[in-house]
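This is what each chain is made of:
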Amino acid sequence: MNAEKKLVGKVTPEQRDEIQALFERRNSLKELFLIIPKDNQDLYERVVADMAQTQKKFDQWWADRGAEYQWEGKENGHWEINFETCEIFLNE
Amino acid sequence: MSLDKTDNSQQNSYELSEKIKAWNEGSARSITFILTEDCQLRCKYCYLCGKNSVSKMTFETAKEGIDYILEHTEIYNEGSVVWDFIGGEPFLEIELMNQICDYIKVRLFELNHPWFNSYRFSLATNGLLYDDPRVQEFIKKNRDHLSIGISVDGTPEKHNMQRVFIDGTGSYDEVVKRVPLWLEQFQGAQTKATIGHGDLPLVKDSVLHLWNLGITSVPMNCIFEDVWEDGDDDIFQDQLIQLADEIIENDLFKKNFNTTLFERHIGFELTDNNNWCGAGKMLSIDTRGAFHPCTRFAQYSLGHKPEINNGNAESGVDLNRLRPFLALNRTVQSPQECIDCQVASGCAWCQGNNYECADTETIYQRATYICKMHKARVRANNYLWNKLDKLVSPDENDDRVIRLKLRKGLQSLFVLMDSDAPSFCYYKTREMERKVMDDETLKKVAFYALTENLSLNLILGKDGLTDAQKEILKWNDYVVYRSSKANFPADDKTINVFDFETDTWDDSAAQTEMFILRISKDHLAELPPWLEAHSLSADRITVFVKEMESMTEAEFDSYKAVLDQLKAWLPEREEKKPLELSLLTDRLQLDKPNHCDAGVKHVTIAPDGNFYVCPGFYYREKNKDFLIADIDTVLKTHELPIKNKQLYKLDHAPICENCDAWQCRRCVWLNKETTLEVNTPSRQQCVCAHLERNASRDLIEPLFLTDMVQIPEIDYLDPFDELMKKNKPFIEKGGKVDEC
Numbered sequence: 001m002n003a004e005k006k007l008v009g010k011v012t013p014e015q016r017d018e019i020q021a022l023f024e025r026r027n028s029l030k031e032l033f034l035i036i037p038k039d040n041q042d043l044y045e046r047v048v049a050d051m052a053q054t055q056k057k058f059d060q061w062w063a064d065r066g067a068e069y070q071w072e073g074k075e076n077g078h079w080e081i082n083f084e085t086c087e088i089f090l091n092e
Numbered sequence: 001m002s003l004d005k006t007d008n009s010q011q012n013s014y015e016l017s018e019k020i021k022a023w024n025e026g027s028a029r030s031i032t033f034i035l036t037e038d039c040q041l042r043c044k045y046c047y048l049c050g051k052n053s054v055s056k057m058t059f060e061t062a063k064e065g066i067d068y069i070l071e072h073t074e075i076y077n078e079g080s081v082v083w084d085f086i087g088g089e090p091f092l093e094i095e096l097m098n099q100i101c102d103y104i105k106v107r108l109f110e111l112n113h114p115w116f117n118s119y120r121f122s123l124a125t126n127g128l129l130y131d132d133p134r135v136q137e138f139i140k141k142n143r144d145h146l147s148i149g150i151s152v153d154g155t156p157e158k159h160n161m162q163r164v165f166i167d168g169t170g171s172y173d174e175v176v177k178r179v180p181l182w183l184e185q186f187q188g189a190q191t192k193a194t195i196g197h198g199d200l201p202l203v204k205d206s207v208l209h210l211w212n213l214g215i216t217s218v219p220m221n222c223i224f225e226d227v228w229e230d231g232d233d234d235i236f237q238d239q240l241i242q243l244a245d246e247i248i249e250n251d252l253f254k255k256n257f258n259t260t261l262f263e264r265h266i267g268f269e270l271t272d273n274n275n276w277c278g279a280g281k282m283l284s285i286d287t288r289g290a291f292h293p294c295t296r297f298a299q300y301s302l303g304h305k306p307e308i309n310n311g312n313a314e315s316g317v318d319l320n321r322l323r324p325f326l327a328l329n330r331t332v333q334s335p336q337e338c339i340d341c342q343v344a345s346g347c348a349w350c351q352g353n354n355y356e357c358a359d360t361e362t363i364y365q366r367a368t369y370i371c372k373m374h375k376a377r378v379r380a381n382n383y384l385w386n387k388l389d390k391l392v393s394p395d396e397n398d399d400r401v402i403r404l405k406l407r408k409g410l411q412s413l414f415v416l417m418d419s420d421a422p423s424f425c426y427y428k429t430r431e432m433e434r435k436v437m438d439d440e441t442l443k444k445v446a447f448y449a450l451t452e453n454l455s456l457n458l459i460l461g462k463d464g465l466t467d468a469q470k471e472i473l474k475w476n477d478y479v480v481y482r483s484s485k486a487n488f489p490a491d492d493k494t495i496n497v498f499d500f501e502t503d504t505w506d507d508s509a510a511q512t513e514m515f516i517l518r519i520s521k522d523h524l525a526e527l528p529p530w531l532e533a534h535s536l537s538a539d540r541i542t543v544f545v546k547e548m549e550s551m552t553e554a555e556f557d558s559y560k561a562v563l564d565q566l567k568a569w570l571p572e573r574e575e576k577k578p579l580e581l582s583l584l585t586d587r588l589q590l591d592k593p594n595h596c597d598a599g600v601k602h603v604t605i606a607p608d609g610n611f612y613v614c615p616g617f618y619y620r621e622k623n624k625d626f627l628i629a630d631i632d633t634v635l636k637t638h639e640l641p642i643k644n645k646q647l648y649k650l651d652h653a654p655i656c657e658n659c660d661a662w663q664c665r666r667c668v669w670l671n672k673e674t675t676l677e678v679n680t681p682s683r684q685q686c687v688c689a690h691l692e693r694n695a696s697r698d699l700i701e702p703l704f705l706t707d708m709v710q711i712p713e714i715d716y717l718d719p720f721d722e723l724m725k726k727n728k729p730f731i732e733k734g735g736k737v738d739e740c
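Chains as they are written, first to last, in the numbering used here: chain D, 1 to 92; chain B, 1 to 740.
Since the hints were derived computationally from the structure, they do not count as laboratory data. Check before you lean on any hint, since a few could be wrong.
To be verified - Short, incomplete list of chain B residues facing chain D, as computed with Cβ under 10 Å:
{"#": "1", "residue": "F116"}
{"#": "2", "residue": "N117"}
{"#": "3", "residue": "R143"}
Claimed, not checked - List of simulated lysine-lysine pairs, DSBU-like, C-alpha gap at most 30 Å:
{"#": "4", "chain 1": "B", "residue 1": "K435", "chain 2": "B", "residue 2": "K643"}
{"#": "5", "chain 1": "D", "residue 1": "K38", "chain 2": "B", "residue 2": "K63"}
{"#": "6", "chain 1": "B", "residue 1": "K254", "chain 2": "D", "residue 2": "K5"}
{"#": "7", "chain 1": "B", "residue 1": "K141", "chain 2": "D", "residue 2": "K30"}
{"#": "8", "chain 1": "B", "residue 1": "K63", "chain 2": "D", "residue 2": "K30"}
{"#": "9", "chain 1": "B", "residue 1": "K254", "chain 2": "B", "residue 2": "K443"}
{"#": "10", "chain 1": "D", "residue 1": "K5", "chain 2": "B", "residue 2": "K255"}
{"#": "11", "chain 1": "B", "residue 1": "K624", "chain 2": "B", "residue 2": "K645"}
{"#": "12", "chain 1": "B", "residue 1": "K390", "chain 2": "B", "residue 2": "K254"}
{"#": "13", "chain 1": "D", "residue 1": "K6", "chain 2": "B", "residue 2": "K255"}
{"#": "14", "chain 1": "B", "residue 1": "K443", "chain 2": "B", "residue 2": "K636"}
{"#": "15", "chain 1": "D", "residue 1": "K38", "chain 2": "B", "residue 2": "K140"}
{"#": "16", "chain 1": "D", "residue 1": "K56", "chain 2": "B", "residue 2": "K141"}
{"#": "17", "chain 1": "D", "residue 1": "K5", "chain 2": "B", "residue 2": "K140"}
{"#": "18", "chain 1": "B", "residue 1": "K140", "chain 2": "D", "residue 2": "K30"}
{"#": "19", "chain 1": "B", "residue 1": "K255", "chain 2": "D", "residue 2": "K10"}
{"#": "20", "chain 1": "B", "residue 1": "K601", "chain 2": "B", "residue 2": "K474"}
{"#": "21", "chain 1": "D", "residue 1": "K57", "chain 2": "B", "residue 2": "K141"}
{"#": "22", "chain 1": "B", "residue 1": "K485", "chain 2": "B", "residue 2": "K462"}
{"#": "23", "chain 1": "B", "residue 1": "K192", "chain 2": "B", "residue 2": "K141"}
{"#": "24", "chain 1": "D", "residue 1": "K56", "chain 2": "B", "residue 2": "K140"}
{"#": "25", "chain 1": "D", "residue 1": "K38", "chain 2": "B", "residue 2": "K141"}
{"#": "26", "chain 1": "B", "residue 1": "K140", "chain 2": "D", "residue 2": "K57"}
{"#": "27", "chain 1": "B", "residue 1": "K254", "chain 2": "D", "residue 2": "K6"}
{"#": "28", "chain 1": "B", "residue 1": "K643", "chain 2": "B", "residue 2": "K624"}
{"#": "29", "chain 1": "B", "residue 1": "K408", "chain 2": "B", "residue 2": "K601"}
{"#": "30", "chain 1": "D", "residue 1": "K10", "chain 2": "B", "residue 2": "K254"}
For every residue, glycine included, the Cβ atom is placed at its ideal position computed from N, Cα and C.
Isolated chain B (complex conformation) (with noise of 0.2 Å):
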């Protein structure tokens, strides 16, 4: 019995998601040689600006700087390392390079050095001189710790068009007729491919042409420098979705391809506070054998910066030089979008780009031009990833779903599809001139929502929902509100709405487990019979009272003794069957406000293809402050405009914000249609709330909770009162603040 090599043929239909490492990734310190500043191309988009045929290492300057590296491991004390190799073109310098290597070798073995159990050599090139017979033999004597990529840009057109020689014709017929050698020889091989501004609208094609190479692993990126023009983001995103669906439709997402541009942690919140680069922790060191903290601080890769080094091997590393690069950390570099952006997760930046595109000789300010490319591509990752999870369906552990739960923002949209829909809820409908959605807005909905993580919350009217409809739908999370007239079976997705006035109560209402009741305040006496004689197949039942607004001081006792009622009668009921019962329970049940937050975590769009704050606004007569722009600008603009969206937020809600009603919904509409403000509540809203709130206190104790639930005794029913006592020195003063 032996061991011969590692393993590492296990696959899943998941490959796709597999994030690409590099070797001993984020322990093993990388050593650059710049062995030359010459290349025998001129591509585009190369940021070394300074190329050039004279700057060469001399196996001297390479030998000074190991030496200094390794008889200094108080510094350069990692477990593993990696020395890379650079130009220019690396294999320009194939002998020396040969030399090095053979040097490292020698001396970490005559050291004893710990690098000698853990190190690889890795270069990427050009590919033009791979198979000259210096670099197969170096290829040959090396084989067992190097790492070599090959850049391939696509399709021939992409690649000629930014890889070109100097006198400007394409590489790609001379890079590829060598590429299957290299295959050949490094399996699983990655190739580091680059987009333009003028190759954007060839990288679907230049993917699946890679793929095609047999190159299954490609990093690909944007470049970070400041060539983006408008529309840019439009056509990265097309060509991204277009790959999408190319790797559904034909099953690659189980077949091992990988690329860079799908990761499926990308496009959420950052929590962490880690610098992207890492620049300083790399050493580079130069054709003369100063020393930088990437090569990127070299001079030939700055246009107007002077370079920054940090010693050499004589003078030994300046560690002064270091500390900057060492403490630079995410957000003091930059700006507040970044810090507060909701999707910054897998957006990169490079320190020697933000230094050379910086106001001032400094690493501190991070450029941002890669932002709206990053944005599409998160759109595009959103796309595929909720496609494939309706496919693979990955367990609550994954990374993903457990990122898609705790995200903040906006989640989920109301989708009104016919405006003859009922309300499910405070707001009121109104007579109008049927509309009803289309299936062209629809599908507009549809990849508005795969592409912003969104599940739907479809509203439907009494025709249910289309064959062509569900088919649009097939690939969206979406839950259905109807009424039992409505054309549409009952089932796990489905919350049936009940008006108490105008529904019959028939099988179809009665079969579903949750159902919202919709009940008149002049009807509410008759709540406890019809609930004790109606709800035995429910396991939830959401009330809302209609024209509750309008409730007077003796409606509201009339609702505590509707309450008392029902609070006597839920303990035994609970013997038979459990129930959640919105008014009672939901309060016992929460450990924060469960507000509807319309405007924050959702929004609704209506059948007219306008977006609005929640769906009571469509029906509102004067609604523009609420309307907030139709699915094409939104599509187009990727920004949902919502007017002064920070009312809508508990933090800009003062009688809100303190309360501990935690089982009310807050209804801006309600606010709205009361108080004419969307972030106060009427003295009806806060009133019918405490008397929910108190009559879920008396049944802590009846449903042994005593050990789970607190909620503090108070003698107010509206926190609108405990506001003015705490207001009411200024209040007394008519006002007026004391003078100084």
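In isolation and in its complexed conformation, chain D is listed as follows (with noise of 0.2 Å):
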């Protein structure tokens, strides 16, 4: 076990699923992004708008989530999941 990281909770299948379908559509939007072509003004918009959309439900699941459970934090850590186990560490 990584002595820098913490297990501090964990969350259901559920709300495991919907923050995995937004780290993988973020991860999505980000390679799609590097190949869309320069003539085409319509799909770059609208990648871009989706990138931050998706980058804002990203953020608001882990402070609903935070609020939630009242995971521990602390002064530059940040939360992980773990997809298999749905369980939440805090990482420096």
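Dock chain to chain to rebuild the complex, using the hints, since each chain is given by itself in its own frame.
Written out as structure tokens, the structure reads:
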């Protein structure tokens, strides 16, 4: 076990699915952004808008779950989730 | 606070048992593009028999396939997708692959397709172009969605034996120099190693070599084709046993190393009827744009059979041609030997290879060339996991622990260490020249037990167990049967055997909480007072009545009187300390027969190195029918050739099969001694068992078991009489069947 990681809680499988979908979408948008043809302004604008919206939902999920479960936090720390076990870890 | 990545850092001491999983295994649709039928290599075991440098996919062909799939969400409706790229060598067409991936990403987004949130690109490569700038750019662009496996077969010798260039030279050096970059870019990446006939002796070193290269996950399997020769299974088993010893001796099982050669779930009877192979649930698109249930059904991977395609983007998928694949289950395609196999779990097959090997053009005929290699793998797995379980002690909810408890068939071995050891059961010993099991034989027995998942019951003579013998048996599970005269201390693995007529009740005998009491029918009247005086420390006493087979009708009455006395005493004793007394309490605790089951659940190995049905048959003068084989033969053939083995099963015992005197041991040795048939009990065995049964029934109320135990009242003592009543009309006709 990594000494810098501390188990601080767990979410439901449904909540895990929500954040996993947002996590995957964020990665997909990031890689899509790299290949947008220069002449496709419409696609560019749609992707950029989606990236902003997805990031907002992503941050909101962590804020909502943090408030719901009152996980332990730390200055300069961040939470991580294990998608297999639904466990939440505090990481420095 | 934010999420950065998934965490997979948890480790425990049993990392080796973790299954190597594919991404979203079982729930993702697999779509394969055959980009090219060309490859720089000519691997000797490769099933792609039609490699050529002509057939290549065009972008237009790929685009039509993708458009068709994304438009038909009613068919392709899984939550996730893996876009797989295959060849030949897929990186030969890196620009095409790059173009296809870009198109997929854009179209998924434009269509707002659910797969945009759950897709992967996956490919297996020979690695030769891995550091090509175009490949590296492709990896950079798709890093979060990409899985790449480089095929390395193991040691240079093994790899170069199989994975050769067109001119026959080995490719190891050219491939392995690119491995560090691959592992740097894909932490935890896995290779795909293949085992053929020629490289079997290199399996152990190859797995260790791959682990040393830093490739910690090593899926490795024997090919399915008809290549295996006599003795290959022994070489394979030996290699895996050596690997198992390396894993244990060097604590590799704690260090995140993994290979599919060792999996905890393999080697058990299968209860489900699922098809192993996923052909039909996948979609493979060949260079021409034709759809196939799997790449193995494209023409370039089939020798003399015609390809099976099920449509294309223009005509649509032919669902009728998918029906046979989706309806396919395990039993419908398997020979009876596979259906009945007690170690079937983990045995694999390839639907394409089945089709290629079948007598007709069908996928419904399973090729079983791999059978003996699977069984060798099972034996080596048993060896490893039984040893590791001694070190790690998995809990009772562990899947393998549960499977071991539920399995049928042979479960233990009685090991007669010394011909002078006393009987612990009904059988009689015989004066013979003393023979003690030698250490070499014991080593073979210990090894056999580990590879076959058998626990040991050691029947000790006066010498007990030497330190050398204890060392030999240190990895085995065993219990000890010994008399108080034996040089072996009583512990929780010890069952003391006390002979009423020849042994002296002393402290050593009294120490054991469980003991076996053998008492002559002539001294039965002394049993109740003796038990009252000597049983206080005991939790369980198993009683065997010697010479029971010669009891007379008058002695049945005496036996009933003894049981009545015990019946009256037992509730009083229960108030002081509960006692299991086999004659009376076993029936109350059973919901099915508790027969000895010699020849079914256990056999015996004697000091002469031979297997027998039970110890009694070792001492029997005429025992050729019951001598199974010697240990060397069994280790070589992996078979226990019990003659007429069905006769030891309950469904071949007409007098016993419907009897509910479940505490009866149904001793096959007694049967043979008295009726000359192992499946037929004597009147004495039946009557005594029923006297015990009926006495147990009378204890239901005094022991307050009325809510838990039901034993019906019956008016007979010998089930043979009941059987004769049913057969009476036939017997009265002189055994002649009515003419029609």
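Checking against the hints above, which ones are violated? Nothing - there is no hint that the structure violates, so all of them hold.
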